[in-house]
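Participant: Take the given structure of chain A and dock chains B, C and D with the ligands to it, following the hints.
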Amino acid sequence: MAILTEEKKDSVVILFAGDSGDGIQLTGTQFTNTTALYGNDVSTFPNFPAEIRAPQGTLAGVSGFQLHFGGVEIDSPGDSSDVLVVMNAAALKASIHELKNGGTIIANSDGFDSKNLRLAKYPDGVNPITDGSLAGYHLITIDVTKMTRNALSGSGLGTKETDRSKNMFVLGLICWMYNRSLDPTIEFLQEQFKKRPELIEANVKVLHAGYNFGDTTETPMARYEVKAAQLPAGTYRSITGNQGTALGLIAAARKSNLDLFYATYPITPASDILHELSKHKNFGVKTFQAEDEIAAVTSAIGASFGGNIGVTASSGPGIALKTEAIGLAVMLELPLVIINVQRGGPSTGLPTKTEQADLLQALYGRNGECPVAVIAAATAHDAFETVYEACRIAIEHMTPVIFLSDGYIANGAEPWRFPTAANLPSITPRFAKNDLRAGEKFMPYGRDEKLVRKWAIPGTKGLEHRVGGLEKEDGTGNISYDPDNHEHMIKTRESKVARIADFVPEQKTDSGAPQGKLLVLGWGSTYGAIRTACRELRKEGVEVSHAHVRYLNPLPKNLGALIKSFDHVLIPEMNNGQLVKVLRDEFMVDCIPFNKIKGIPFTATELKEKIKSILK
Amino acid sequence: MAILTEEKKDSVVILFAGDSGDGIQLTGTQFTNTTALYGNDVSTFPNFPAEIRAPQGTLAGVSGFQLHFGGVEIDSPGDSSDVLVVMNAAALKASIHELKNGGTIIANSDGFDSKNLRLAKYPDGVNPITDGSLAGYHLITIDVTKMTRNALSGSGLGTKETDRSKNMFVLGLICWMYNRSLDPTIEFLQEQFKKRPELIEANVKVLHAGYNFGDTTETPMARYEVKAAQLPAGTYRSITGNQGTALGLIAAARKSNLDLFYATYPITPASDILHELSKHKNFGVKTFQAEDEIAAVTSAIGASFGGNIGVTASSGPGIALKTEAIGLAVMLELPLVIINVQRGGPSTGLPTKTEQADLLQALYGRNGECPVAVIAAATAHDAFETVYEACRIAIEHMTPVIFLSDGYIANGAEPWRFPTAANLPSITPRFAKNDLRAGEKFMPYGRDEKLVRKWAIPGTKGLEHRVGGLEKEDGTGNISYDPDNHEHMIKTRESKVARIADFVPEQKTDSGAPQGKLLVLGWGSTYGAIRTACRELRKEGVEVSHAHVRYLNPLPKNLGALIKSFDHVLIPEMNNGQLVKVLRDEFMVDCIPFNKIKGIPFTATELKEKIKSILK
Amino acid sequence: MDQTTETQKLTAKDFVTDQEVRWCPGCGDYSILKQVQSVMPELGLKREEIVFISGIGCSSRFPYYMETYGMHSIHGRATAVATGLKATRPDLSVWIITGDGDSLSIGGNHLIHLLRRNLDVNILLFNNEIYGLTKGQYSPTSRPGQVSKSSPMGVIDHPFNPLALCLGASGTFIARSMDRDPVHLRNILLRSHKHKGTSLVEIYQNCNVFNDGAFEIYTEKATRKNETLFLENAKPLIFGDNNNLGIRLDGFTPRVVNLSEVSANDLWIHDDRDLGKATLLVRFFEDPAKEGHLPRPFGVFYEEDRSCYEDLMEKQVRLAKTQKGEGDLDALIRGKNTWEIN
Amino acid sequence: MDQTTETQKLTAKDFVTDQEVRWCPGCGDYSILKQVQSVMPELGLKREEIVFISGIGCSSRFPYYMETYGMHSIHGRATAVATGLKATRPDLSVWIITGDGDSLSIGGNHLIHLLRRNLDVNILLFNNEIYGLTKGQYSPTSRPGQVSKSSPMGVIDHPFNPLALCLGASGTFIARSMDRDPVHLRNILLRSHKHKGTSLVEIYQNCNVFNDGAFEIYTEKATRKNETLFLENAKPLIFGDNNNLGIRLDGFTPRVVNLSEVSANDLWIHDDRDLGKATLLVRFFEDPAKEGHLPRPFGVFYEEDRSCYEDLMEKQVRLAKTQKGEGDLDALIRGKNTWEIN
Ligand SMILES: Cc1ncc(C[n+]2csc(CCOP(=O)(O)OP(=O)(O)O)c2C)c(N)n1
Ligand SMILES: Cc1ncc(C[n+]2csc(CCOP(=O)(O)OP(=O)(O)O)c2C)c(N)n1
Ligand code: SF4
Ligand code: SF4
Ligand SMILES: [Mg+2]
Ligand SMILES: [Mg+2]
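Chains as they are written, first to last, in the numbering used here: chain A, 19 to 634; chain B, 19 to 634; chain C, 331 to 672; chain D, 331 to 672.
Extracted from the complex, chain A is given alone in its bound form (with noise of 0.2 Å):
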């Protein structure tokens, strides 16, 4: 074997990229899981083009999935790649510029060929990968797809078939680079393919063939070192948002003993927490695909009525669609968990991309005085974390609930230290029961002290009452248009989602100290990038904290205290300004907006810059 060197590192950026055939997700995911499993810190951004299928070979079908694993704590999935894996000239064009100097490149010269090279549109005659223009990296080419045959020849498979598998030669080398063991991989295409043995056999001859080649090549190769990282010690599994959703859905229904009723259409990035749920069915989980988000939405707040908690999801546009029936459940206060996986807008947008844009629309999209709780996950697993809370807050607290998530932290993947059921906190439903004095009349809207009316359901006998959107007198429910009472409700729903702060933790710094010259406060899945980013400053000997808020309405009762208590206030998000809107007509401070909205994330450095920016 020819190892150029045998590099210690902390953590490596590995950029996968290929067509959107070439299996590059399934490659990313099996490394991702491998390293995981090794004890690696992993985060990883997959990034695929609109298209199903865009035209093989072209700019639009390329199919990236980034990784970054280290023995350090990973919070991004990294600003640029050390390794840059490209099955075809137009993923190499697509994502030469996210390779660091001096950074290999591991090239499938097999889809350099003409064609290919057209379809990427490099000039006639034109080969990076071998007019020398990428002189300023270490640039490795291999035919994967002869070798891919060569491995397969007489295993009677048909050369489609045989093709299939060339991520499998990649996925093998980089294991060897990295030392990895093939096992997890072997043991997913076991299951992967249990009724056909023979493709087993063929990938993970493949797979084998791949990492041999690291042994066995002449070509000079780079080996690496990641050791494991000094995680909190436990079991940890690798978990992506949308799954973290389903998964928090399905236990927050299980610890409040009420039947989950799941009522979505499918919208990207959306539509894969409705794919996880169906397939859990024998935990009672209803999933309803309805015809559109409205019967969604409306269908949700039936099964809320009838006892059950109603979960919809979608995205921007069809959480546009669903805004008149939130305002209905606002008035029937029933408890009610609107989902938003965040994509590019405004209208269809960026449906692919991710932004953090639909926070105004979350607080203040709907008519008249309409207040339901917002709260944001700031990371995959957290995901699970926040719709968790986002199902208690709106079961005890008798109100729709709105959770944001957003593409970047569906798709994500990273390791996840996850807790028992038994730890999971207490949800306690409040029924109500007919415990009627004789001639008594049953209140439908009397409240605790919360301000929190009791659910009634259909099958308690005695309890037969009427709700509606029309305005309410307090109490009794009946239909008043007595301008005091009108008045009085608006105040009384008002406060009920107001108080909601009494019953919720108060705002901390993730890191750095509670007070002082700089905080950079966040929400959503901005959260890695910014705690990297204050990190690495930090070791500079920059002073900076970082708070991230997931209760963005109410607001943590100490929050406008924590903001004062800093001289500057920077406010990055992936919009034009949502949350500094907010905080500076509730607390009157200045904050500074940091804005990116290129439908991805921000990187590091490019929130260190800023933030030297203010400090000198």
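These aren't lab readings, by the way, just hints derived from the structure by calculation.
A short, non-exhaustive set of chain D residues, derived as facing chain A with CB atoms under 10 Å:
1) V351
2) G431
3) G437
4) K479
5) S481
The beta carbon of each residue, even a glycine, is placed where N, CA and C say it ideally should be.
Facilitator: Using the frame of chain A, we list chains B, C and D with the ligands on its own:
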């Protein structure tokens, strides 16, 4: 005759109240026109029950019409009334608190029989018009029913039809009280019953009977002299907000040489705009009653794409359903006017009551960064000018514009010194022509200095192009997933709307000095009450100014400066504090909210007290 | 709410609420309310097992007047709300109250999807061919040329044939009745309750304020016998002043024949289980002004047994539990691949 | 965009845009696009007179590939957008491109209302019985039991019969074709263009990624002859390997008969103007697995002449102008009652 006095009065407030079946609205409207024709300034506030026809005689069925008229400037329907006309017991019970101490009550004794008293929920045996409980007022009881029947005995009409003209008796009597001619009403009746001369005769008879009753009765009655007002010279008509809106749309279409396509789905209180417009097809107006609000807004978008001015209207719940499609219009950069005649919310709320609680929905209620222009009418006749302006902005800036009105503006009437068509500002659509040089490609998203693209409508040879809701490359309009282009387009759409501020007037004060202790800053239908309150306070020597914002997005360029030139800024809103949020965020000025959320307008008295409390 | 103990049989009175009924005097809704209240006790259900769900409209005020559970939801969505309720609470008897605007205009989509999914609920469609609550605009069932607040020059929309639409949407129970025929209405209500699946009952309802007399010819002595056709299973289609007229199929076209010329045996025999017959029968929808037009049928046009969505849903849940066992939350959370760090 | 002068006749090429087509290799949408582009020149229209409007979905990408005016609107609303465009621009030839989810799920309401209003537009409904763009959830036309991303245990929704629904919604032109039969598709497209009114063409389209082979039995040599029935006016309903089978109506029920036993004269003769026949014909929708099932018809099921919404709208405008004269803005603004103040 037995005239008690012959008082002179600057202004008088009359409240007509009765059963929905009693023709109260018509009586009020007729006297409004009569006294307006006489030259009074007037302001009215019709207040209907929510039910179509709530059971006769019940409190829920009471229909009210408040009229404020005078020889001085009248800006609001008045805080409390001088004269209360009640057709039955329920009407008295529902309205007595609106009457000034010592005010006059004209009661139809026939409406106080045991049945009516019971329906009005008076305790058994209690009859307010006989038990002296109204001693504090000047009570005049007349058996209007009997009088009417007498007047029509031998007319050959059945009692049902006879009794229907009761309201004419009251109208006649009121005309006598204020010395107003019966002719306008007689003309109206002739027009109204063209096809049924016997009804004309009958109603006119009863009208005279009422008038003569005033002359001849022994009952002591006050007769008042209310001089014509010193309004600016000119020709006047009376107009309601919904009428003004309808006329403004037709005028804008005419002046821009576009055809008006008005697509809507009926909803209170917006429906009357549809009813009015559908009468004017001879202006080329096309009204489309769609199957729902989504079809209404999207068909309007289709019409705008085709080169018409597409307009859609609804109230809160319906607007919620349109928010997704408004986002499409933002992406398409086509003219579109969205009318929201606000009503009590949230959800179905209080459909027949007024409120201003949809401002934040208008500004922020869409997914993604989705800026639209927002402007609001202040009074009935201002609705004409403002909706005209909405059309101008939509057409000249190629953008959706949300026009806010409310139930109070929609149904209230006031005199209007109407403009001539010739004097209306011009509106100039910029249609794209095919002036492409050979081989040159058409740029559907090419922009001028206002950042506005041209309107290339189907039928124009050589400009064939495709538009849609996905993010598009600036210039070409081709779909683009490029990160930088996305941010560029977000900023471009934002600036395009922001630059509208360069083409609208700066914010002026409506009354009072341009700087000082206190500015009362209003928007929408609070105009009249604020104006009255400030005028009266200045008379009392209190230094206070009033400014009223029409342009809510973008805000007038000088608004911040104006606000900052006052020690205090008071923002009265018929909501829970919405404009105040916007201004606090925008200008970091701690404006003082003053909110009333009762489905009814502010009274000048309420405002004066609040203002004083701030200044003392 | 009085605490009637369910031991003593319920009466119509037990379904009356303390809210005063707020429809215009003379509105057809009153008689429908009365019939529904009088039918309820015959269903052998407890009040708490019954839920009335409506949208928005005059008719949709209905739930406030029924002493059961109820929801006055939002415009057009009662069918969708009911879908979520019934899918999760198959034990409840769910009744949907909706108007021609509520169900056929804004609510059209949810209506047709409910019909195809066939949840076991009852839809009472109050058709008054007008928008009542919003004071008189035309609706999707208004007649061509009809003058209304929003159509001063007459309606130009071609109206829906509601039953043809509902049958086209694969409805499993299609019926028509009217406010003015209490006995018929009660019978149809009972049958719609008996039907396992979505029952669609169109009820002609007079709006005496904005569309008075829309159905006069079907309700007034002078005309009704010649204009209405009451459907009874296994009976020939016979109608007319003294049952002198019948319907016969000539080729694919139904024609009115005179019983003096044609024997009853050659007539169309009604069979509400025959989809072919039903598809033609719902087309008896001609303008009564038209010469030789067919009479308007009342009764049950079609009934089909088809499994209900909520049952299939429950079945999958049960199947999943038998196949995978009752879900184990810890196992779910831990997933397939885990690793230890210590 | 090349400046073809309309003097020289247009060709299919003139309708190709500079945008690269982005459907999966092998997708049925390609062939439909090809047929539409090749039919366009035969319509005798200028490119600028043609507008393609779509919703959202793979199929709805269509307008980007047509060198005409076009709008890729939002999900389910193409029909409503087109309504507003056609109502105000009757001079344009409007084509609606929609998928089974776009038109029958979220867009169901606008579809049925467009059909009843009968604006003169063409609807091409790409039915692949799946949600393609969102990567493989079932749709309202998916088969019972079908396994998809959102139905791992099989679909429990009863599917729509799209043509029965559209006919029930009073559609005036109802037809079916498929991606794999270019000649048939072109003919149907031409007829749908000729029809004055809303033309609904359901096109069976293969989604080879998420629902491959859904319509195989209608397209593959081995089965197609026995499973498909091609409709031709005035011709008897005959099909089968060597045209040996026919359809006869027995009572109200259509049955498959063998021509060796039944003479062609006794067969059902197709007449696309006969509503009775059409109502039964759209019910030829049985599961091909079922014993003795009817074949699936392709062609024009029904055509009816009925006035178009946009024409009636224009008519009222003209009538209003003749009755009241062209509107006078000043007169309108001044209204009936005015008074002077000086
Ligand atoms: C989203 C929304 N759009 C419009 C309305 C206004 N609205 C209330 S009821 C109604 C139609 C009523 O007609 P119908 O459904 O036939 O019931 P009816 O009053 O005739 O019984 C309309 C348009 C509303 N409440 N909500
Ligand atoms: C309001 C809204 N809801 C949901 C979506 C997501 N979505 C886009 S296309 C589609 C369905 C596509 O299926 P179909 O209409 O059959 O078209 P196909 O892709 O199969 O051609 C869905 C659910 C959306 N874009 N907008
Ligand atoms: S408006 Fe018509 S439908 Fe509504 S309550 Fe009155 S009569 Fe009945
Ligand atoms: S997903 Fe299916 S329908 Fe969509 S482009 Fe691919 S093959 Fe065609
Ligand atoms: Mg109705
Ligand atoms: Mg599809």
